[in-house]
Amino acid sequence: MTVSAKVLNYDLKNVVTPNRLTGLWRMMSGFRWHYLGATLSLGVSATAKTLTYILLRFFVDNYFTPGPKPVPLPVVALGFIVLAAFEGGFSFLSGRLSAQTAEGITRRLRNYLFDHIQHLPFSYHRKTQTGELIQRCTSDVDAVRRFFADQAIGVGRIILLFVINFVAILRLNATLGWISIVVVPLVVATSAIFFRRVSKAYEAFQEQDAVLTTTLQENLTGVRVVKAFARQQYEIEKFERDNQEKFKRGKHLVRMHSLFWPASDILCGAQILVGYYVGAMMVIRDEITIGTFLAYMGLVVWIIWPMRNLGRLIVQTSTGLVSFGRVLEIIRQDREPLDEGDVIPDGNLRGELVFEHVGFQYEDGGKVLEDITFSCSPGQVVALLGSTGSGKTTLVNLLPRFYDCTEGRILLDGIDLRRYPRRYLRKQIGIVEQEPFLFSRTIAENITYGVGRDVPQEEIEAAAKAAAIHDSIITFPNGYHTLVGEKGVTLSGGQKQRVAIARTLLKNPRILILDDSTSSVDTETEAEIREALQRLMENRTTFIIAHRIQSIMDADLILVMDKGRIVQRGTHAELVEQEGIYRQIYEIQTRIEAELEKEIENAS
Amino acid sequence: MPPDIFEEEEFETKFTGTTFRRILGLLRPHWKIVVAFLIMIAITAGMDSLFTFVTKHIIDDGIMAKNLPALYRLLAIYAGMTVMQSFWVFGFIYSVGVLGERVRYDLRQMMFNHLQELSLSYYSRTPVGWIMSRVTSDSDRVADLITWGLLDITWAATSVISSLIFMLFINWKLALIVLVMVPVLVVVAVEFRKRILKEFRNVRKINSKITGQFNENITGVRVVKALVREDENAREFGVLTGDMYKAAYRAAWLSALFLPTVQLIAAFAISAIAWYGGLQAQVGLLTIGGIQAFVSYVTFMMWPIQDMARIFAEMQHAIASAERIFSLVDAVPDVANREGAFDPGTIKGDIEFDHVTFYYEENVPVLTDFNLKVKRGETIALVGPTGGGKSTIVNLLCRFYEPKEGVIRIGGVDYTRYSLHAIQSRIGVVLQTPHLFSGTIRENLRYGRLDATDAEIEEAAKLAGAHDFIMRFDKGYDEPVGEGGNNLSVGQKQLISLTRAILAKPEIFIMDEATSSVDTLTEALIQRGMERLMRESTSFIIAHRLSTIKRADRILVIEGGKIEEMGTHTELLRKRGKYYALYTRQFRTQMEEAFDPFAEKAPAPAD
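Just so you know, the sequences run in chain order A and B.
Counting in our numbering, the first sequence runs from 1 upward without gaps.
Counting in our numbering, the second sequence runs from 1 upward without gaps.
Derived by calculation from the structure, the hints in this document are not laboratory data.
Quick reminder that beta carbons are idealized off the backbone N, C-alpha and C, glycines included.
Hints may be right or wrong, so weigh each one.
Chain A is faced by these chain B residues, among others (derived, beta-carbon under 8 angstroms) [as the list claims (entries may be wrong)]: (1) V54; (2) I58; (3) A248.
Capping the alpha-carbon separation at 35 angstroms, the derived lysine-lysine pairs in DSBU-like fashion look like this [stated by the list, open to error]: (4) B:K373 / A:K598; (5) B:K209 / A:K465; (6) A:K127 / A:K367; (7) A:K6 / B:K562; (8) B:K373 / B:K475; (9) B:K562 / B:K575; (10) B:K578 / B:K348; (11) B:K475 / A:K200; (12) B:K246 / A:K6; (13) B:K575 / A:K598; (14) A:K238 / B:K550; (15) A:K465 / B:K578; (16) A:K465 / A:K496; (17) A:K13 / B:K209; (18) B:K373 / A:K200; (19) B:K32 / B:K66; (20) A:K69 / B:K173; (21) B:K475 / A:K563.
Over the 10 angstroms line for every Cβ pair with chain A, so calculated as not near, a few chain B residues [as the list claims (entries may be wrong)]: (22) I43; (23) R73; (24) R229; (25) D334; (26) D354; (27) K375.
Just chain A, same shape as in the assembly (with noise of 0.2 angstroms):
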């Protein structure tokens, strides 16, 4: 059952076809066989059952009537035992294989879907929302599944049961035979709108089942809010109504339930006994022998039964292949390549950056950077100040290509961005982040998460002390060990960014970006962070996306930005002299400190 590389490796950009069918055959790549072999055993599962109601007819016929016995009587009883096993066995690996068709597939999709969405740009993700592209890699996954699962296969059975038996019967007796597929296509068609009708409805009832979910959810989040205003009554008869309309929805499905189900067993019944009157007279007028109207009485059931069921593998196919669309809407989409760049320097970087009349805009429009130009030498540190909105974010997003500039270059070392592959360059550059995002793994391996090598707790251990984090996490339940979110500790914004502080000093990296703001920490660990952030920044160039004035006094360079432009560079000594909004941020620092000062001579 292990499954080889190279099948587990097969590129499903191949399945990106206009046609879905061509689709799901490519995606069938490397199970193919296994395919082909669960539906031969179905096949020879189902003639064995064919062939019990041949034996049976054989048995009756020989047996039951005096005359020569043509093999003795326990051979035809083992003969049952010979077919059943037959049957089993067959069914039995149908269903293995099958399984491992389905599993497969399904295995290989999940890894392909998981990889190629990491790998694409942001481009994407920034357009797509999470919650939709959770829902595709897996309840769309599902349903592909669940096709090659049940579906597929399940169709294929349906129609092996009828060509089978029908050519069973047909062999016993034609006229019979051509009889007793008369109401099929009536089955076929009522079971077809019938379980068309049936998903809708449930459809309905799905969706109301949401908006039940959504008002219990929200009463529970909101259970402050419910009994500080005493809505209790209030919030009991909105329930109850959404309550109300569910059951509603459900009477409805298990009406048309209800309806169907002994309709078309009145269907399926007058078709049987319309059989049975056509055999009898058959046998009573010596047509045909007793035992081959007991063969037909068993063989009919499989080919009328099943048909009822047809209807719902169609409209299941049907959902099964929408599905399948919006999976491949995701595969459709290009990756943004790693390794593309003909640059990799021996050993690292400099760290020295060019900006020319570099520019940004969203495939969508809209402008995000204009005409950006600076230069800064290895080890400098620049600062980057603005509001929200004024590109800061951007500029620092094109250093380790999140995104390419749409104008002019950015030389790094004297080399155009462009021509270092992602990988190098993502390697060399270090981000922390002002709330970084943990895993859900324990704190060493967030730690240590992305580093590249085994990294040894003493190490690990410098790496916490060095980031002022190591204090903390030694109070844990489970010291490095603790598991980070919901079902371990829940970390504090500093906290987080100390974590990604001593990853980024494991990292090492050549070029460090910084989003410091600590506006919402207290001033103790405010003064902790600094301190890390200082040991973090020696000796690489750095680039400091900053909200206030007090951490980038002693930066090299200082572009104030706004809308995408730079309104103004400098160093601290020289902004303070420039008129402008760097002075003015300046000022109203002393000026707070003065209506303080007032404000409390006031009270004395």
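Dock chain B against the given chain A, drawing on the hints supplied.
Structure of chain B alone, referenced to chain A:
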């Protein structure tokens, strides 16, 4: 309660009679429908066996006897039975189906109604997700057991018994062979079902891990890319999907083995019947119709047995579900109306905390011997560090919790003598993070006072300064706010929440000021709305904004469950104590924000 109690699926219980009786008790109000569908399903099952018996006679008395009148008569009976059967089928699907929906409805409503009564302490120790699963999936599982499950068991039992009776009637010696097979079949089927169920649970568990991984990798995509962690992530995920493959394959494999195994056991019976029946036939003891009937009965018998197995396997889990449901509806609210609780008509008056002691967990005191007197109409600002006890004071005042020791008096009367409704319907609360319900803006505002007219709503919105932004929406007051108010900004949600409180015309106004900053204009509007409320009612504000603090009649610095400092703004500043430190620090940050030169609006000092 330790969190692992809330872990799903691990909650296995032993079969207990009391729970089972209580589950069946849920059916008591609907006993007529239950009796009706049980009768109908029993008839259906009996008729199924009868069909085979009639077929035997068609063969023996009609065809083999070449007796045409008998054949016609028997076929007519068969036809009549088919029609009748479809009525029974309609009847039981409809009645049990509707009853199933009804029981689900009842269970959900029962839980929801009880949840409204439970105290905040229950909510603080029970995760919302846990409660949600009780109301949604557990209610489904229990309802299924006592409707469809009961139906299937009855059907299966009647089918098996009636077939056995007919078989005994046709040929008792052959029937004995079948009788031996039945228990074997049952044991095998139940064992299979249990294992299959277990495998599928395993699959579900891994599946939720996969979803979690997708979730994390998509939300954290920036970090993944920045750290070039793609290859390692893909490898880790590959291990997970490999596990999934194995688990899902195992589950499918077991399921695929189940039916063939059952069929094979039946085949042994058929084989024995053929052997022994063949011998009997030669001496005329078994007819062709008889052998046909036996083959049909035995082939068919695996379906009811299969069904029985499924229900027995699932029953254990359904009972565990029921126990969780009962644990929810049996939970006793900590805060409830006392005997003789009354509504005084108004709760305007002085408020007094008299030697109040309170803790959420034993030995972790939050308030100890807390004393406070507040005059009617006074505005109290509560300041101090997080965890100092500010929220607890508010919680006690709203009677979300009651003092462990000591008394809280409103208008000189111990407030536990009032009904909960009397207090809570006269309190207006604005929470730090405003909570909105799906629906329109109007519906959310009306939450404050259900009988408010549209004009009153609009008036309140104007007072709170919410009217202008509401009118800017296409549908104005009828604009949907989205799930949890997602269509609105934080500032807008705060204004809605404030309007709601104004509309409630509270006698006591409580506000937990939001820490998150909103734009200056919204800030000013919020201040104006608050002022109005503070003028008209006794107010308690957990304050962060300097302007609010300064406007209060009295400022309380709460730390370690005690009042550390108390007085007016000037008095406290002069003291140069805790308040002074707190104020100066807050002043600096707030000013820096206010003077943000990048802000669109011209900077204005906060006060």
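Taking the hints in turn, this is what the structure says about them:
1. V54: Hint violated; V54 of chain B Cβ to chain A Cβ min 10 angstroms, cut 8 angstroms.
2. I58: With a minimum Cβ separation of about 7 angstroms from chain A (threshold 8 angstroms), the hint on I58 of chain B holds.
3. A248: holds, 5 angstroms
4. B:K373 / A:K598: holds, 33 angstroms
5. B:K209 / A:K465: At roughly 33 angstroms apart (the allowed maximum being 35 angstroms), K465 of chain A and K209 of chain B satisfy the hint.
6. A:K127 / A:K367: holds, 16 angstroms
7. A:K6 / B:K562: Not satisfied, since the Cα-Cα distance of roughly 70 angstroms exceeds 35 angstroms.
8. B:K373 / B:K475: Cα-Cα ~46 angstroms, so violated.
9. B:K562 / B:K575: holds, 18 angstroms
10. B:K578 / B:K348: holds, 32 angstroms
11. B:K475 / A:K200: Given pair K475 of chain B, K200 of chain A holds - Cα atoms ~30 angstroms apart, limit 35 angstroms.
12. B:K246 / A:K6: Judged against 35 angstroms, a Cα distance of about 19 angstroms means the pair holds.
13. B:K575 / A:K598: Status holds; Cα separation ~16 angstroms.
14. A:K238 / B:K550: violated, 41 angstroms
15. A:K465 / B:K578: holds, 32 angstroms
16. A:K465 / A:K496: Satisfied, since the Cα-Cα distance of roughly 14 angstroms is no more than 35 angstroms.
17. A:K13 / B:K209: Roughly 26 angstroms between the alpha carbons, so the hint for K13 of chain A and K209 of chain B holds.
18. B:K373 / A:K200: violated, 62 angstroms
19. B:K32 / B:K66: violated, 47 angstroms
20. A:K69 / B:K173: Distance of about 24 angstroms is within 35 angstroms: holds.
21. B:K475 / A:K563: At roughly 32 angstroms apart (the allowed maximum being 35 angstroms), K563 of chain A and K475 of chain B satisfy the hint.
22. I43: I43 of chain B clear of chain A: closest Cβ-Cβ about 14 angstroms, beyond 10 angstroms.
23. R73: holds, 13 angstroms
24. R229: For R229 of chain B, whose nearest Cβ neighbour in chain A is about 4 angstroms away, the distance does not exceed 10 angstroms, so it is violated.
25. D334: holds, 13 angstroms
26. D354: holds, 23 angstroms
27. K375: holds, 23 angstroms
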